[in-house]
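Join these two chains into a complex; the hints should help.
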Amino acid sequence: MGILALSVEAQRAASEPARMPPESGNKDGTAGAAPSGDPPGGAGRAQHPVGRFVVRRLAQGVVTLVVVSIVIFLLTSAIPGSPATAILGRNANPQAIAEINHRLGFNKPLAQRYVDWLGNALSGDLGNSAVAIAQGSPTAPVWPIIRSPLADSATLALVTVILLIPLSLLLGVWSGLRAGKWQDHSISTITLILISMPEFVIGALLIAILFVATNLLPPVSLLAPGVFPLIHPNLLVMPVLTLLAVSVAWTVRLVRVGTIEVLQTDYVQLARLHGIRERKVLRRYVLRNALAPSVQIFALSIQYLFGGVIITETVFNYPGIGTQLVQATSNHDNTEVQAIALILAAVYILINIVADLLVMLLVPRLRTAQ
Amino acid sequence: MTRENSAGSAGGESTPDADSALTRRRFLRGVGATGVGLAASGLLDVPGASALTHSSKSPLGGPTPKTPKKGGTLRIGYVGNGTSETYNPAVANTPIDSLHGYLVYDPLMRVGPYHQLEPGLAVGWQHNSDASVWEIRLRSGVEWQDGKKFTADDVIYTFHTMASPAHLGHSAVVGFDMHNVKKLSDTLVRVPLKAPNADLSSLFGYFNAAIVVQDGTKNFTKPIGTGPYRLESFTPGKQSVLTANRNYWDSPRPYPDGLVLLSIDDDAARLNALLSGQIDICALVNYTQAKAGVPSNYDLIVGYAGAQENFNMRVDQAPFKDVRVRQAMKLIVNRPAMIEAALNGYGSVANDVPGPGFPHYDSSLPQRHQDIAHAKSLLKAAGQSDIRIQLQTADGGLGQLQAAQVFVQQAQQAGFKGITLKVQPVASYYNPTLLFTKMTFAQNIWAIGSLNSFYSQALVTGAALDETHWNSTSFNTLFQRAQAETNPARAQQLWNQLQAIQYNQGGYIFWAEVHNVDAISSKVAGFGGPGVGWAYPTGDQRVWEWGFSR
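Line order of the protein sequences matches chains A and B. For what it's worth, my numbering labels the leading residue of the first sequence as 2, then goes sequentially. For what it's worth, my numbering labels the leading residue of the second sequence as 103, then goes sequentially.
Hint data in this document are derived by calculation from the structure and do not stem from the laboratory. For glycine and all other residues, C-beta sits at the position ideal for the given N, C-alpha and C. Please note that the accuracy of each hint is not assured.
Pulled a few chain B residues facing chain A out of the computed Cβ check, cut under 8 Å [claimed, not checked]:
hint	residue
1	165
2	184
3	195
Partial list, computed: chain A residues near chain B (C-beta under 8 Å) [as the list claims (entries may be wrong)]:
hint	residue
4	79
5	81
6	94
7	97
8	136
9	212
10	337
The following block holds chain B by itself, in its conformation from the complex (with noise of 0.2 Å):
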């Protein structure tokens, strides 16, 4: 990602960059799982399709959208994931497997380029008083790929299907009693929850938890769904050829009549063969070809990739027992130096807790700046002037390392000598014990679904992804009353009580959340949220809105 690459705007030189690809499947691969559920209002009741909101902006920067024409075969070129790929949604883990979801199914919640949730194949979420049991209201008239109606059969039949730990949606039905779990109608499902959790929806909004599977479906080798495009033909690693749906509820949409996906993984390929013409759409372009511009009959997309990444310090070991060694280090850091050096400039800053954008995410907290003097007398303080502390990290690619290094370097330029490096191999840092979770100080990257799913699965006592090892009984009640407050305007006051606590005294310095590049054709129109790259698993991949200019 951060090596010398270059097809820049003259669409010249390709370097054999395979690995730089693999690098960023391997990380792709590796948020897939750490995040669940999109937070959103406990309560989203939308009644059709009519309200639906088409928001084609793309959020950082690109063309203004337009309406795409009828016709034409859209061609995109992607990284692939080998033979790996599929159009199974239980074990897709990579943004092109995530894509081909998007392509042929539907999710029970859409996602918007600014993380916001829309309907998709459920239009309603219901709770009783104390948020322990929901109804969700299906959309009606909605028909499979075979002609067969779409029912809570089917929606059922998933989350029976999510039920099996191997399925990476797993998280979402965690608290569903799932023998309970009814169909009122066609199109109304009743929900009876473990504990009450005032924030259903937003956990449907997350790719493999998001799409809905026809009752009975085992093999995906042709896949039946009720999304906008039917798979023709399909090698992994190679392309999937696509015609649309001419019966999709979502009508006009899609626009074009075909699709057809390609798998190039070297970046420059890619990019040579959007600017030969071989594809219309490249997707994921890296951050110093898209540094060096496109042509001027291109467009480059930018967008939130839906990573955030993280220096991450234990709590209960020395030396980040002591909160102000903790302040410290969070001082230290000077984030939009750093994204410029380990990003190339494309990350948004981070304020150390994470999901901007996110339902609940508190934006009042002040954003925290390189403070060394500050950082220099919290150390003294806490008698720690002197500190050392090795930080471990793996090149897990989007930067990690570079991020690293960085940090090193500006702990030595402000004088703490004592803080060093330690780079371990990617194979072993995230291998299946976790050891990335055991280490004092150490760093990782996160693709969180929602506050809800990242605080479940990295600061409650027993979490899976247990970092910096909070373990705090106060801290775990007060999440639980966030969770369940069905009151919109006291579950934000506990959100923010949360926030401020990990803020302040937490073990986490968020620095950037990570953005995503595509470049575009001009022929190419109404492209739908942060471009179609890389958004898995936030869900915002929106191919029903692509197709060509008028």
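Looking at chain A on its own, in the form it has when it is part of the complex (with noise of 0.2 Å):
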């Protein structure tokens, strides 16, 4: 699934709803006040937990990425063969593969490679493709190759958030307040069934019923390269479907969780008890507390579908960066498997710091507490 760094507070927030709901701070007066260790007027930075929070992630991402920018590496390294071997096949005579393994600077000490590297990246240099120079290529800048199989991914991913979200929501939070009835029985074995469909049955059966069947739609995502893919939103829509199938399970039955546990805490009986009017109560008390934890499964589904699509891309042949991740590794094209890993890296520890910072956005007790 990627790099998951869950934060202390993230995880902590996810397994124990914040038993205050925000705007009722001093019901039970155990949130919303300053904690009694912290000095009155203390330090500015203490008056500003959020921003200290977000530079202390952000450092710890930095951090998290060197040590996996080494593991890339070491593992592209550790790969047996090379792009030599790759594109000479099987006739790989020793003087052809010195040729061209001096032509890619592989001669050198791996921590000097390692160094240039790493030094390349961070200037904005991500390397030429190591399979194109070995071709003969005189030069051949890894970026514009993966440009654009990033955007593809990236809008993927995004069209099947914005649907995933709300879905996933609306259906958990409604199958929380059914719990035990009809309605989430049904929602649960729906969910049931599509979590044990692995994405190339359920590809196979929108190809089968959208395309075989009544040929609505191409059962192929033939974009051409460069071509935006909001422009020919029908070759979208099947991927998109299935993914949002696999994904929407997962997030709708643990918001149903989180709503059914955040429906039994005490300050919800309580102010039902109070009388609070019953929507009042889901939208300020239960909504905002089963999002919490729900946010951290969201951050998942999102790394997930942002490069870890690989099965679907392949059932739609949709030009994503997973696709492109596995043929650069087939190929031994070291660079560009460096490259996409860092930038995916990267991403996923962006997606988990954002995931954090909402989670602690929604529960007040971890912005304001030491």
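What follows is the structure, given as structure tokens:
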């Protein structure tokens, strides 16, 4: 799934919803107030816990990224074979391999190659495609090669997420509120079926229904290079539906559980006993607190959708970054693999930070407590 | 390849079979370098284009080809090779890359659907009395796509680029006395050889060696060829957009005005793209899908894929030191059953010596069949009734692993319980140290370009892929004589002797020649050769023939 570095705060928030609804701060007197250990009017930084949090998480992110970059570099170097053997095939002779390795600079020590690579990457130069250089191209920058698949994957992920979040919240909360009733059972059964079906089965079913049976949509997303996918929305429908079906099952179930947990908390009971209207209880107390753990689930889904959807990309021949990475790996294009892996790692780390931040904004206790 | 994939007649279910595409690519890349050169008669003198034969047949199955009409944009879905795709013939080692070559460039020699050679940019080959010096006559009146005239300089430059060991056509010019290769006129090149070779033209039908590039070309990102199409845009791993070269020497070809080549790696997605009208030709249909058939307004074309599958025994190691043990192994194999199980039936039965259809192949050798009783008596005589041997293999694609499993099963059914299987990871089996050539009992797939190339790469002493460790001085001498023999009848006799030795005593069990299946829309006509798929490296992707029906 990628790099999962859930912060302690986020994990706590995910497992233990804040007991205090944000706008009823004083009702049970635990949240909202400044922690006793914090000197009043203390250091300015203490008054901006969100800012401090962001700085700390960004710093952690950078460290994580450096560690990840080392792992990526070591792993790509450790894969048996090389661009030279990939290009020369079974007939690779030592002389030809040496010639190509020299052209690629593989004769330098590993540590030096890593430092050169990282230095260049930091200055925005992701290097040249190792395979293209080995094939004799004078220059073949990686960025133009991976730019379009990145954009295509981002589009696919974004469109899916835009549909996924409201749908999961709607169905999850509704199912949670109707827990034990037929609506809940229906949703649970459907999501269980969806969870049990791998992406390629869902993809194949959609192709069978929307192409073979009804001929409504093309079964293959043949996007010309450089063409923005949203220009041909019909090519996006089946991949998006597939991903939505796969993701929504998990998110709905987890939102449902979150909702049920919040419904059972003392403060919701108390609010109801106070005679607050049910609609208000739901909106102010239940939804917002159920959302906090959901944020992490959505973050995981987005990470998966952005780069982890190789099977869906393959079924529909969608030109995304996942397929690009698999192809680069099978072709031993080390520089391309490193560039894609590094970018994906950075995106994953960033998604984690944003998710943690969202949780913090949703749960006041986290941004006020030390 | 053998996994249960079905898109079948209903066009239906698709399965995420990226791995099969990768496997196939891996395999195809592998065989690429193993065969060099297509054999033909040593002397082929064709006075100009008028003598061209356009054999537009599909040799094993498919509709009758018709002459296409002019116009239209032909869209082809193909197994791609990711960002490694290239238009550089020096490093092209997959079918899509050889297709690139044939779209934009021209070969010295074209190859027909039955492995026969036809003139390409070279129209005549003449040698001196002992075949140690050759004169290659080139087609006149050919222009490069940038308007320059095609001359002997271009061919000589191409030969020089092939002198680099990293050029995949390198072995074709190894025998050249390169410093003395001379231009005699714009259309005549003189090539002195280090040793006589009566079969020179056969080396230049094989893709990497065949393609002629323009004098001075170093950068292949915007290729200029003499070929049927002009490259307008290329995104490796995605698509090539090409327009017809209306100045092509083989007019009225190409028939379409344009051609789009799309990389669609997944077998099911590629076939679905055809069935939904997104492409006109789906190359490389997987065998399970082919078996299921296609709807009525589509057709399957079956042709020779150019790959020959084998088991190999080291004749210098026990138990295969004893020729009777080798003969027994050859008799254990039920070839048709193996083809059915490992290739879904898409293969022709082979006869332990490779190259049916190629010049000098000895088709008079009796087809070997399974004969367990005979095998048992041979093993008994050799004191190996309880033979214990491990067959080593890897899942190199194309039913290789399945064939090994079938072999062990057939052996065990015959009572040879000591014959077992060991599966190695592909990467270590086919690694640069050529581990697979060092094993006592192993397996491989050959894409041979000619008998000449196979024998020089597999059977002469010091051969690069010396799997059977044959190592016989008298055999080497016989091979040199066969190679240098300028009298066709005497050459055939010598080749027959070589093949008889291998058939009776050799360490090779060749069990199948693999087929390629393409699917086309009924709108498509004039596909030449064995369809459009997988002919690399044997060179018969006859792209200039394709177009739309009238």
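Task: Interface hint outcome for residue 136 of chain A [beta carbon to chain B under 8 Å] - done: Hint on residue 136 of chain A: holds, closest Cβ of chain B at ~4 Å, below 8 Å.
TODO: Would you check whether residue 94 of chain A satisfies its interface hint, that is, whether its CB is within less than 8 Å of any CB in chain B?
DONE: Since the shortest Cβ distance to chain B is 6 Å, the answer is holds.
Open item on the list: A closest beta-carbon separation below 8 Å is what the hint needs, so does residue 165 of chain B meet it against chain A?
Closed with: Given a least distance of 24 Å, the restraint on residue 165 of chain B is violated.
Task: chain B contact restraint for residue 337 of chain A - C-beta distance below 8 Å - done: holds, 6 Å
Task: When the least beta-carbon distance from residue 79 of chain A to chain B is tested against 8 Å, hint result - done: violated, 12 Å
- [ ] Double-check residue 184 of chain B for me: the hint is only fine if its C-beta lies closer than 8 Å to a C-beta in chain A.
- [x] Since the shortest Cβ distance to chain A is 3 Å, the answer is holds.
TODO: Verify the interface restraint on residue 81 of chain A: the C-beta must sit less than 8 Å from at least one C-beta of chain B.
DONE: For residue 81 of chain A, the interface hint holds, since the closest Cβ of chain B sits about 5 Å away, which is under 8 Å.
Task: Interface hint status, residue 97 of chain A versus chain B (Cβ within 8 Å) - done: Since the shortest Cβ distance to chain B is 4 Å, the answer is holds.
Task: Hint check, residue 195 of chain B versus chain A [nearest Cβ-Cβ separation less than 8 Å] - done: Holds, about 5 Å.
Task: Proposed interface contact between residue 212 of chain A and chain B, which counts if any beta carbon pair is under 8 Å - done: Hint on residue 212 of chain A: holds, closest Cβ of chain B at ~6 Å, below 8 Å.
Hint compliance for this structure: hints 1 and 4 are not met, and every other hint is.
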